[in-house]
Amino acid sequence: MQETIKYWRGVEELNNTPEFQKNAHNEFPEFLPVSEANGGEASSQVAPRRDFLKLLGFGVAAATLASCETPVRKAIPYLNKPEEVEPGVPNWYASTYFMGDIYNPVLVKTREGRPIKIEGNALSPVTLGGTHARAQASLLSLYDNNRLKGPVAKGKETSWQTIDQEIRTRLTGVQGRVVLVSNTIISPSTKSVIRDFGAQFPAFEHVTYDAKSASALLRANGGLVPGYDFSKARVIVSIGADFLGTWISPVEYSKQYITNRKVTADKPTMSRHYQFETFMSMTGANADVRVPVKPSEYGAVVAALYNRVAGGTGGAAIQAPSSRVAKQIDAAAKELLANRGGALVVSDSNDPAVQTLVTAINGALGANGTTINTAAPSYVRQGDDARMLRLINDMNNGAVGAVIFYGANPAYDHPLSQQVVSGLKKVGVKISFADRIDETAALVDYVCPDNHFLESWNDYEPKRGFLSLAQPTITTIYNTRQAQESLLKWTGSTSDFYTVIQRTWSGIVGGGAGWDKAAHDGVATGSTGANEPTAPAAPMTLAAAAVSINKAGRAAAGNNLELEIYEKVAIGAGQHSNNPWLQEMSDPTTKATWDNYVAISTTTAKRLELEQNDVVRVAAKGKSIELPVLIQPGQAADTIAIAIGYGRTHAGQAANNVGANVYPLVSVAGDGLQFVNTVTLEKVGADKPIAQTQTHHTVMGRIVVQENTLANYQKDPKSVTEYVRIATPDGPQKPQKVSLWQDYEYKNHHWGMVIDLNSCIGCGSCTISCQVENNVPVVGKQEVLNRREMHWLRIDRYYSSDATREDGGFEKMENPSENPSVIFQPMLCQHCNHAPCETVCPVAATMHSTEGLNQMVYNRCVGTRYCANNCPYKVRRFNWFNYANNEKFDYQMNNDLGKMVLNPDVTVRSRGVMEKCSFCVQRIQYGKLEAKKDGRRPVDGEIVTACAQACPTNAIIFGDMLDQNSQISQILKREQGERAFHVLEELNTQPNVTYLTKIRNQA
Amino acid sequence: MQHVSPIREPLVTGGKTYADITEDVCRQVEAKPNVRWMMGLGVSLVLLGVFIYSVYRTLWFGIGEWGLNKTVGWAWDITNFVWWVGIGHAGTLISAILLLFRQKWRTSINRAAEAMTIFAVICAAMFPVLHMGRPWLAYWVLPLPNTFGSLWVNFNSPLLWDVFAISTYFSVSLVFWYIGLIPDFATIRDRATGPIARRAYAILSMNWTGSAKHWSRYETVSLILAGLATPLVLSVHTIVSMDFATSVIPGWHTTIFPPYFVAGAIFSGFAMVLTLMIITRKTFKLEDYITLEHVESMNKVITLTGSIVGVAYITEFFIAWYSGVEYEQYAFINRATGPYWWAYWSMMTCNVITPQLFWFRSIRRSLTATFIISIFVNIGMWFERFVIIVTSLHRDFLPSSWVMFSPTSIDVGIYVGTIGLFFTLFLLFAKFFPVVNMAEVKSILKSSSGVSHTLNPGASLHGTAPNNSHKHD
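Quick mapping for you: the protein sequence lines, in order, are chains A and B. Just so you know, UniProt numbering puts 996 at position 996 of the first sequence, and the rest follows in order with no gaps. Just so you know, UniProt numbering puts 394 at position 394 of the second sequence, and the rest follows in order with no gaps.
Be aware that one or more of the hints could be misleading.
[As the list claims (entries may be wrong)] Simulated restraints, written as ranges between beta carbons of each label pair:
#1 B:Ser-323 - A:Gly-312: 54 to 62 angstroms
#2 B:Thr-337 - A:Glu-611: 17 to 25 angstroms
#3 A:Thr-804 - B:Tyr-322: 15 to 23 angstroms
#4 A:Glu-745 - B:Pro-143: 26 to 34 angstroms
#5 A:Ile-726 - B:Met-404: 29 to 37 angstroms
[Unchecked claim] Reference listing, derived: stretches of chain B covered by chain A, where coverage requires no fewer than 3 residues with Cβ under 8 angstroms from a Cβ of chain A:
#6 61-67
#7 135-142
#8 241-253
#9 387-401
For the record, the hints were derived by calculation from the structure and aren't laboratory data. All C-beta atoms, glycine included, are put in the ideal place defined by N, C-alpha and C.
Work out the full structure: start from the sequences and follow the hints.
Next comes the structure, spelled out in structure tokens:
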């Protein structure tokens, strides 16, 4: 047995001192203070029983106390406070929203370094402070948990260094053409980065396409979108263009359009708006004259219109097919001619022949220079269908060596997605900048996730002469990198993109102070020329257009069922599919959420024996999709309409498998895409309920919304609104004269709101803005089906009905007309001065403030729902479940990242609590505090609710009704007895929200 | 002096003596539970289980488990609440108002009717708590001193009045019922053989000895409580109706509601009493105490109140038309012809048409017919509340918010579950408590037993069994 080596514990053991021996068997050889505390030497060896019990008792008590305490989540103050960040005080940054769809300069509100709200940038001469719902909601995409957390190479997460190295190696040795595929890019600096990047390769091409293409419009106008100016138009004829909701630049157009739609007794004039369209679009819903036509008739309508206009202006007529709607075309043409210089015709058709004629009509009407600003054409659509189709071909022929996708997702949103998929297999190097593994990115080698726009520097030139900037409002949340930076890296450039932007802008705003001002304002004027078309496709001749239209007209004759493929206001082309706010935003006209569907007219549905929610198979040329039917009043007979943007498979939790992808049904005709098709319908025999937030569509002859004609208004502004009178012994009286109530006295402020039904276009920006501002939860499709959506502000949409109570009774009044007129009514808490909800709450959880607000005290609410029952406006929303931290509602409020979007000034409500519009009381308080700090009263316009701020048409005015000079007081004074009315005035609820009667300029 | 009406039917038949009454009523308390009772209790307990499960789902996940939505904030919950409260009306009416009116036929049914009242009010009281979004804060509706500063309940709210009305009604009914039970408990105590039963009934009987002083106090308290309870019969459902009447919703905002609700409550209460009594008299062989005369009397009340309710229904339509208010008119036309027409016509058939059959004496005195019609009335009265609550709410002022309501399985579970709760309580009551008020039945024996002892002085009303020596009957 080998003797083991002995190790000493220390020199003491080696020396074996007596002291060591004494302590050798002690567990703790050192001196422990415990024993001293226990009474020194005498009891140093063992803990006495009493002390044991004492310690035991203390231990148990301490453990119990500790377990009783709720876990504390500490808010840690800044160790080194960033200079600009003041806890509780928001910082605002100017930025720009443009995700290949809608251009919208914005201001971003950040709190403690995180963006929590987006507002319009009022300094922008393009959008004038308006916002689109998509821009409002884009904030949530920043906190999207489904975004990539870092670069991915061949399906594996990797580092930027590795991926850069690999990509650069592969690109250097690339065989064949290098192609960058993108949607429209309006960033001059990005374009210069792409140009520099491309210069490295012998053959480089930048292919631009747009999912909802405007190629034909571009071709007919020299590669540019004409600089439409609806504010100059007294007569507007739109053939299919949803210019208020989705087409080209809706925020800009809404702002312009509405200037001629607002009426006052001093200016009792309005533009007249004709809309020839298939699907009931939001724009069509606002038209004075709406004519349902089949998509195949667009050509005939435009040709007929052209001939009438040419006839009136001395132009040459073309041969035109006869049109079913000649009478309406005549009327429209007559007015266009009578308003030359104030007339505008627009169309969203992607048929070059139609667009050629539209351009010709506008030319003949003298629109150029008047209703079309020739100095400021728009760049926001640059997609070229032909080049994209050629690229798909080339990929399949193996002619493409490398392809880079930047913001483009053709494997999803191109009709030839199958060919894209097969073509990609033949491409050597495939790179995507997608922020998630989307349908295209799933097929590429390298995914280099791009930043969200709120994390990036960028610049934009939406129109000639107009520029704007985007600046980061937060450091990148994930390990992502802006696409431009990636391209710069791969070019071998050492400068960053910020420098590139400054360089681009230096010639326009100068450096230093000029740049600082530009970054501060977010917008500037000047032109870079980067977006000018280089080699626009040759326009069609009139003769060729005429031939094409006649040919199409003949082909369309007959009773084929035609499909029109349209874009929804909320979802767009599909970029926003994974945004639960937008998924749950109810469509302006159909009021549907969380789905696309087959919109079909009442008569056609009857003919085909279809009912709402019946699933049908829509088939065209071997491709088919299955969707439920939605009966849509106003839809042209023998047509159906389906929205793009749905049926995503790789977008994320909220979007995947919602609806069906209709892009494959887009027809490819020659070198262009047509968003129409001839289809067959077949009942599948299943049912799929569509989640609509409104299922009753007519107003049942009630005067909850009021409208009248412009002719009547011009005759007597006092005659357009119906006022209810209550019969009393002293004759008919205003309802407020007959009251049992004591009125509140308002001494300081009396907040109120005016909503102009004439200005409201129903776009829904306010709904989303309110949702963002007030932490309104998303509840999902099933809960919307259960009629429990939580929106504090909804937009009621009523269709007219042919029936009246006299001739058919209530049942017939429930049916909308075949081609109804439409009215939108934003409906929110009316903040009644005699609120029915306030009296019935047993615990006084809802009560009246001294400033006229109807307040909801969440932590007092026990949830009897009596207030909601007794609310005549049905604006109260109940928390049926916990919507935060609940697996069943796995939207933004169920993960830490998503919760960053919550407004810290607004409580997240728990289950069992009632909630409703608060008139953004947090903003009122903030405004009052700011004013108080300065020792002044709040200035009118300083305190604005989220809805009023977002409205692109200024339909909502908020302010202090006690301030005689405030805008709201002025309007109320002006409109009293004319257009101002309260909804359900006869109930004597005395709302603080006043509506203004809608005036229609009926022909 | 004894007067036996030659016209009136006797209220106790079969020539019962005091001893027979004691025997007949105590029999099921003292005997082993029979199979039918066990089966009934089994079914009730299963339903009670359904109730507990449904309540668990509601409390754990939230009111979203129910079928309610943004427009229809109350449906089955408050329908059930009003239905149960209504059922709970017969007890007090029988014991209080009929006592004041000296209606002797009340004596053999008042015990069960009062018990039913209490159990129905217990079932009803579940709903105001359960329907709250945050029921753990239900005590906030009580005007308690608190640490919230000057925070107080809202005395304007009819829901608060409900709290007072229901709690008062429940307390008074409970006390009234219990006081009535004391002499009978003493009887059982004295007869009890087992030590547990003796002890239990001794506690329950509160040392009742049957002394004249006790009887005097008993009579006085009964009269006082009857006086107190009488306004409650009218007030409780009046206040419940004000939940609706004081609101602005067309179909709710109706001044006719208080009398109409009270009539409806008595109507449904009597129907439920009949349903239960017909079963009880059969199961416990109490045909001599609950006679066809009783059934007929109650059927007469049902006919009267059913007719009042019918007139009220028609009046509502008249007023809607006469008012010229379009919302009101629509609300009523929508009731009759809208998507919930079936509920309305179920109500009309069950509540207005079927009770009219009681104009026929043969139907009035037929147990089968009475039983069926009483069930119809119960169903009809449930639909009445459903019609008032749901069809008024689902299409109110703004057509944009019009919706349909459909219940979930949890809604159904809670409703069916309260029936389970009710019958569990009632069956336990029927087994362990005397279902007929022995003391009071004995008090009418001399005047209304069909045996005129003045004509037969030899016959004694006392039992002949040698061991029978009750001092306090």
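request  = Could you tell me which of the hints above the structure violates, numbers in ascending order?
outcome  = none
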